[in-house]
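*Asks:* Residue-level listing of the chains:
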Amino acid sequence: MRKFLKGKALFSAVTVVSMLALAACGGQSSAPAQDGKGTGQEQAAAGEPKDGGVLKIGLSSTAKTLDPIAYTGAYESNIIRSIGDTLVRYSGDLSKIEPSLATEWKVSDDMKVYTFKLRDNVYFQPGKYQDGRKMTAEDVKYSLERSSKQSALKRLRGVQSVEVISENEVALHLEQPNAALLAMLTDGGNIVVPREEVEGWGDQFGQHLIGTGPFQMDKFNQDDSVALKRADKYWGPKPHLDGVEFKFITDANMMTNALRSGDIDVVTDVKGQNRAVIEKDQNLNLQTKPGLSIEYMGLNQNEGPTKDKKVREAIRMAVDVEGLVKGVFKWGGAEKSYLPLPKASWGYDSSLEASVPAFDPQKAKQLLAEGGYPDGFKTELYVIASRVPQATIAAQQLKDNLNIDAEIKTVEWGTFSDVVAKGKAPLYIMGWSWYPDPDFFLYQMFHSKQIGSLGNGYGYNNPEVDKLLDRATAETTDEAKRKEMYGQVMKMINDDVVHVELGLLDVATGMKKYVEDYQVRADSSIFLVNEETNVWLNK
Amino acid sequence: MSNQAQNISPVSVPLAAKKKSKENSVWRRLLKNKLALVGMIIIAIMVIFSVFAPLIATHPPNAMDLANSLSEPGVDGHILGTDNYGRDLFSRIIYGTQISLIVGIFAIGLGGMIGTLLGLVAGYYGGKWDAIIMRLMDGLFAFPFILLSIALMTVLGAGLFNVILAIGVANIPGFARIVRGQVLAVKEEEYIEVTRSLGANHSRIIFHHILPNCMAPIIVYATMNVAGAIISEAALSFLGLGVQPPTASWGSILKDGKDFLVLSPHMATFSGLAILLSVLGFNLFGDGLRDALDPKMKV
Amino acid sequence: MLRLILRRLVDLIPTLLVVATTVFIITRMIPGDPAAVLLGPQASPDEIAKMRESLGLNQPMYLQYIDFLGSLLQGDLGTSLGYHQPVLSLILERFPNTLLLSVCALAIALLIGIPAGIISATKQYSAWDYTVMILSLVGVSMPIFWLGVMLVLYFSVHLGWLPATGMGSLSEGFGSVITHLVLPSIALSTIPMATFARITRSSMLEVIRQDYIKTARAKGLREFFVVWKHALKNAMTPLLTVMGMQISSMLGGAVLTETIFSWPGMGRLVVDAIENRDFVVVQGTVLFIAVIFVLINLLVDILYTVVNPRVNLSNKGEG
Amino acid sequence: MSFDLRQGETIGIVGESGSGKSVTSTAILGLIPSPPGKIERGSIVFEGKDLTKLSQDEMRKIRGNEISMIFQDPMTSLNPVFTVGNQIIEVIRLHQQVNKKEARTRAIEMLKLVGIPEPEKRLEQYPHEFSGGMRQRVMIAIALACNPKLLIADEPTTALDVTVQAQILELMKKLQVDLKTSIIMITHDLGVVWESCQKVLVMYAGNTVEYANVEDLYQNPLHPYTWGLLDSQIKSDTVGKLPSIPGNPPDLRNEIAGCYFAPRCAYAQEKCFTERPPLVEVSLEHMVACHFQTADHRLKREGGEASE
Amino acid sequence: MSETILQVNNIKKYFPVKDSSLFAKPAKFVKAVDDVSFEVKKGETLGIVGESGCGKSTLARLIMQLIRSTSGSVIFNGQDLASLSEQELKKARKSIQMIFQNPYASLDPRKTVEQLVMEPLVIHQVGTHQERVQKVQELLEVVGLSDYHATRYPHEFSGGQRQRINIARALALHPDVVICDESVSALDVSIQAQVINLLKELQAKFDLTYIFISHDLNVVRYISDRIAVMYLGRVVEMGTYEEIYHNPQHPYTRALLSAVPKESPLVKKERMILTGDVPSPMNPPSGCHFHKRCPYATDRCKTETPALELFEGQHLVSCHLLGDIS
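These protein sequence lines are chains V, D, X, P and R, in that order. The C-terminal position of the first sequence is numbered 539 in the working numbering, with every residue numbered one higher than the one before it. The C-terminal position of the second sequence is numbered 299 in the working numbering, with every residue numbered one higher than the one before it. The C-terminal position of the third sequence is numbered 319 in the working numbering, with every residue numbered one higher than the one before it. The C-terminal position of the fourth sequence is numbered 308 in the working numbering, with every residue numbered one higher than the one before it. The C-terminal position of the fifth sequence is numbered 326 in the working numbering, with every residue numbered one higher than the one before it.
The hints are simulated quantities; they were obtained by calculation from the structure and are not laboratory data. Do not rely on the hints blindly, as some may be mistaken.
[What the hints assert, rightly or not] List time: in silico BS3-like cross-link candidates among lysine-lysine, alpha-carbon distance up to 27 angstroms: (1) K229/V <-> K336/V; (2) K174/P <-> K41/R; (3) K309/V <-> K271/V; (4) K38/P <-> K53/P; (5) K100/P <-> K121/P; (6) K235/P <-> K262/R; (7) K121/P <-> K28/R; (8) K128/V <-> K289/V; (9) K49/P <-> K229/X; (10) K121/P <-> K292/R; (11) K123/X <-> K229/X; (12) K106/V <-> K483/V; (13) K34/D <-> K38/P; (14) K96/V <-> K326/V; (15) K154/V <-> K309/V; (16) K262/R <-> K173/P; (17) K123/X <-> K61/P; (18) K292/R <-> K112/P; (19) K41/R <-> K241/P; (20) K310/V <-> K424/V; (21) K91/R <-> K187/D; (22) K187/D <-> K28/R; (23) K268/R <-> K235/P; (24) K38/P <-> K214/X; (25) K241/P <-> K214/X; (26) K121/P <-> K229/X; (27) K289/V <-> K307/V; (28) K112/V <-> K483/V; (29) K173/P <-> K91/R; (30) K32/D <-> K123/X; (31) K61/P <-> K229/X; (32) K180/P <-> K269/R; (33) K219/V <-> K128/V.
[Claimed, not checked] Heads up, incomplete: computed chain X residues facing chain P, CB under 7 angstroms, no partners named: (34) T131; (35) Y212; (36) A218; (37) K219; (38) G220.
Beta carbons: idealized from backbone N, C-alpha and C, even for Gly.
The following block holds chain V by itself, in its conformation from the complex:
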């Protein structure tokens, strides 16, 4: 009986081992055989643009609603920009604001009235409640007032009323002067929409968005994909593409796999090893550009050991940001950040970089001793799951250099925002990104009015900084003057040691070789068809 058993057991054990081997090597052998030279940056010589084809773009989170006043995620605004147009928009390199639906505009002396001249050849896409009628100033008034009053995320602040001057001319009246108004108008939430459609669809409007853009809504498959098709009466250049399909793939690696297996043509938000994978793949190329999002470690100004400025300085000097960034972003994707403002913003002043003290563990140890903690202390470092690598390395450095025991608290986004907003987090790592206008960074992160919200989680309160920030938006719309004021703000912030600036992230988009004229923008927004670009498929 025993002999009989042994033979059988052996046979079946072999089958199992082969099964495992197959599964294991599944990992290895899938590394692309061909590891050709990374083509990376330069654009293949594009022939004459061809019409036709549907561009499939992967987005890394599901679009819940496209209603301009209700959407919350950045991914939703990417779809909205292909369907609707705003009055003005940022240029490709975010350096200046260019005309879109508005051809020209002027600001009153008291900076409280902005008048815009509108294009007269703009038509809405045909929908259930209108058959593609002409856009008028009346529609602009309706859309902007709707946004200022009802937008959940306040995408148009401080607009008192919108006045229709003529068929093609409107004027915005502000409660008080705000130089950042134009920046706000570029937001996806301020596109012009037809009244009949909005009221017709009611709360279903989020799934049946109608605008004046190059593509119109075709199918909204909840949680799976959104398909758009070319809008015939588009006022701008005629799109080459027949349509666009945005597919939602939440798992980043799966997104890259989908690109490599041909499920999708363009992958947004490429991070980590996927960058290397795409660079190595012959029929893919990776376009990168320094982005508008920064990462930093916030130091609590009011509670815990970091109350004392010396301790904060010690911590800042004890974190080797260069090493951390290289450790976390092993395949590129970020560079050392010096200021609480991205380089892509016109407010960036590289001369201030020098005032940020370099990595010096000995001096840091000495400063910490002076601060009253010669042998370190125990604290907590709050972070959300996606930034665990940064926290792990930072905590390790603080332990090695200052013997500070920072217990890493990985928490849900909800818990994180609750703890930090209430100022209860001694240390936390967070990111920030908004429009290129410095106000949307410095005001949100350092103005005392923002204490209690996530931006000013460390409870920073400096009256001079407050005054400067208010003057920067109220006194002038001249960027040069505003830039000088923001420079002083950043100088003071740097001296008060509020942040330990970590990484300045870049925007990376992977795409198939046959995707031509696709312009990657620093604010990771997607413009497929406008004066500067008109994407086409070379296959």
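We have chain V; now place chains D, X, P and R onto it with these hints.
*Replies:* Frame of chain V; chains D, X, P and R shown alone:
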């Protein structure tokens, strides 16, 4: 000598003289079962790894070396290569055994004890107790395990203790059901009625007679569920809710490794294999145990 | 039969109450203010306060509970904070996707698991028996997410046969739905398939020892009929219980599979909802899953009476 | 072990638990599961054919058709999830090329034959809706549906009450006369043997110890074990201490050289422990397996009840 | 045979039939034991015989109040067991023990023989541990087992030996009355003889009173002084074993005796074969339960339940046609 029995002469007993108690027959039957043997060996290795982790591991598990992270297996002394922070993968997997064993055993211990108690009460007393407890268990069962754990973890926050609590709670209904079924069966046996006729009270009947006779299926179910618990810990870590960095758990290694599968799959593959083999070990041992404890099963 | 269904429906109510209360308490205890999460980092404190007011979050807890139960009775699961749509319609949109995936996985599990179990029971200790036993053990021990990722890497990326993610819509033709369905349903079916094989094997071994199998053989029936007619129908009873439990745990498995394969099902909906503190959705889906679970058990019980006509002797037979 | 059986005759195989009587019956039908059990040697000749040499297919044609069997516990011998009618019709259609309707009428006929009231209604019912006695009647209906030549009854009435047992034994006697089936009656109750058997074979620990006609065995038992068995029967006039066989049946797992009964036999001598006694015909159609019970030598039986 | 040790008066046990509607009051009852009365003298053996479903096992459990009776009383040692609380019952049960039917199911497989036999002593805290071990030695000796069996487990013993362990356990508390519920039915004939002899000797040695319950008429006749015949929850006939076996009056007893297989192949035995099955105790026939199967049944039998009347000597019969059937 007439063939009529005289008075009560002690009956000649042809039983084999040597002492043959029940225990060693179970053990002997277990050893004869090849698959159970393999299972036991795997479990033994796991115990050795976790107890002697400091000796076996080649490097301190949390020592970072960012310069050569994700290096291939075998590169400069790292038997299985390094993870994305340059920490030695082999050492982290060895230390990971501790987490898996602790979670597996404590979670099932917690869930098992509470579940068995509830099952005993529901099965033995029946009536409204049975209805209440079983409705509660249905309620817990209706909660898909993953969601229950996610909810628990978000409330209590991640961390080893909370993982054990979440997985333990999720296992209570399973044990309650198994024990209740077993108690209902044993309760009908004649020797229970005999004990009642001798005047034994409820607690004696439950703990002296019913529980010992329910132990076999409970132990088998427990071993199987330790395997389940290890997978659950890995699943929770996969969703980012498991053990907190920098502690090494197979689930968290696998979760980190997932992002580098294409170019450096060794991280995910080896942690995946560790989970697979350990769970296989417990399942094999559980299977063998069930056959050994089941009197009808003749090997 | 009808009385059985009525009785079970009556039982449904307390169980649902337990689930509803637990989910209500848990979602309320999760730290993090839904309004803050909804408005994102840029929102200012007073905007968050206004949002809390509009969502009725400031009402005392018991009031929220009462109107939660009240609306529950009318089948209204509330409107989702993120989607601005009634939760019920969200669920009804996604449930078919999860159902499709689970049914396919269940079908694969049944069609392969049960015959494998039967054959390995009839050919005990043969090579086939050992292979099935070991493969089923490996199947039960295989973490879904590892298997899922491996399948994708091998079949869709390396070989390029199958799409890696997404569900494909009917509009793109029946074929596309099928090709999208293959990998996720295989991944989801491994654990139930392995469990069915093991349970079928052990319950068949139990049944084959019974007297009526000896009678069947004494009648001169071919072994095939003895096993597939007489033995199988009796072995179905324990199998049904396990099937009931497997289906419910499959809903759990779906969560992982859906995240890996970006399958627009309910599993992912719930995970996102928990992350975004959309507790209305969390409540709705968990309750919905609980109802499904109880209905499945009801179905299993009805199948019991079909498969096994024996009346369960309620009172103790007289000695 | 060997015996022969004539047409329409009933032989009783008597023995205590573990004596191997059930194994004999299942061996005849070739139902011993092949991996563990195996027929070592010897033959089973049925109407000239040696069953041990037949192929599986040939055996299957005989089972249920020419030789059929009924078992001890009516509660578990019928498949609980199929109707009684289904289980009867199954064997009819298996062996006789008849369509469903004819098989059904045949089944109803059989139920009437075995004395089950309202056969049409009962056909559609499930086994759990029948009492113990009724179920055994259904078993008999199934066994005799194809009017087999030989019926093996493995302790048919042990699990039944004495009044129901009487009914079943009467029924089997009537059917034997009507259908001329020979019966192998396996039992541990000598009363059943006296009731319905012409010949009887006493088994102990897997061996035949005595084989004779019923009256001959009763009046002139030869083997010490048979004596013990007869003595320990409680009769209506038994008083005083019950004669009982000391000790316990042997453990068949360990090899025993001599006569299996030796350890418990009052007449055992040295030879009994070393040599196994052959089964010998000591008088007309009366065989016994005991060294000291031969044609020319008789053991003197002490004590015990002299038969009247 | 001296004074009465146990008296059972009009004992009844109705099991409610819970039909599946949750709330309705149970309408139907299974009348398992329907108004039974009898007395047992000290040192006597009362046999109770009847077919399955006649209520004999329920009656045994009613005597010990393992099942609480619906009505009626059980007078034992001056106490009515039916009215005692669980606690008081525990004390009363010391002197009344029961030996169950299935040797393989009545011993806890997880306990050694010593633990099993010692259990009654532990439950009632009799003596110290050492005294109990000594007591177990004696008991094993008395029932024909030896002390090296003490550490063995039940699965290592044959059926006969297991019943001996059961008997040893029953004697541990020196009971006055021992109820044997089908205690030998599961044994082979030769082993049965050994156990019956043992029971007889123990009765003589310890002056025990037995209530011996079985479906095997011969065994009951052999071991009992007086016998009661039960049918569908009622005693139909009671008397000394000669009265019952040589002069049975009740038609059911006659049918029962005639159904016993022949004692020898030579005797020709005409039969009184009963038709049909025992009716279900759920809805027993009206009047005399046996009227449906009784060849002599009259209209009176169908309507009126016959009382248990004295026929002669100690011979009681419950039949309207008493005396005028041959």
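*Asks:* So if I understand the rule, the pair passes when the alpha-carbon distance is 27 angstroms or less; does K121/P with K292/R pass?
*Replies:* Judged against 27 angstroms, a Cα distance of about 22 angstroms means the pair holds.
*Asks:* Check whether the Cα positions of K100/P and K121/P lie no farther apart than 27 angstroms.
*Replies:* 17 angstroms, holds
*Asks:* Quick one, are K91/R and K187/D close enough, alpha carbons at most 27 angstroms?
*Replies:* Between K91/R and K187/D the Cα gap is close to 23 angstroms, so the pair holds against 27 angstroms.
*Asks:* Taken at face value, is the distance from the CA of K53/P to the CA of K38/P at most 27 angstroms?
*Replies:* 13 angstroms, holds
*Asks:* Would the pair K32/D and K123/X pass a check requiring their Cα atoms to be no farther apart than 27 angstroms?
*Replies:* Distance ~20 angstroms between K32/D and K123/X Cα, so the pair holds.
*Asks:* Hey, K121/P versus K28/R, does the alpha-carbon distance stay inside 27 angstroms?
*Replies:* 25 angstroms, holds
*Asks:* Within 27 angstroms, alpha carbon to alpha carbon, are K61/P and K229/X?
*Replies:* Roughly 19 angstroms between the alpha carbons, so the hint for K61/P and K229/X holds.
*Asks:* Compare the distance between the alpha carbons of K112/V and K483/V with 27 angstroms, and conclude whether the hinted pair is satisfied.
*Replies:* OK: K112/V and K483/V at ~21 angstroms, within 27 angstroms.
*Asks:* Mind checking the CB of K219/X against every CB in chain P and telling me if the closest is under 7 angstroms?
*Replies:* Interface hint status for K219/X: holds (4 angstroms vs cutoff 7 angstroms).
*Asks:* Would you mind confirming whether the straight-line C-alpha gap from K106/V to K483/V stays at or under 27 angstroms?
*Replies:* 21 angstroms, holds
*Asks:* Is the interface hint satisfied for A218/X? The criterion is a beta-carbon contact with chain P at less than 7 angstroms.
*Replies:* This hint holds: A218/X lies near chain P, its Cβ roughly 4 angstroms from the closest one there, short of 7 angstroms.
*Asks:* Could you grab the alpha-carbon distance between K262/R and K173/P and see if it respects the 27 angstroms cut-off?
*Replies:* Roughly 15 angstroms between the alpha carbons, so the hint for K262/R and K173/P holds.
Checked against the numbered hints given earlier, the structure breaks hints 1, 2, 3, 8, 9, 14, 15, 25, 27, 29 and 34 and satisfies all the rest.
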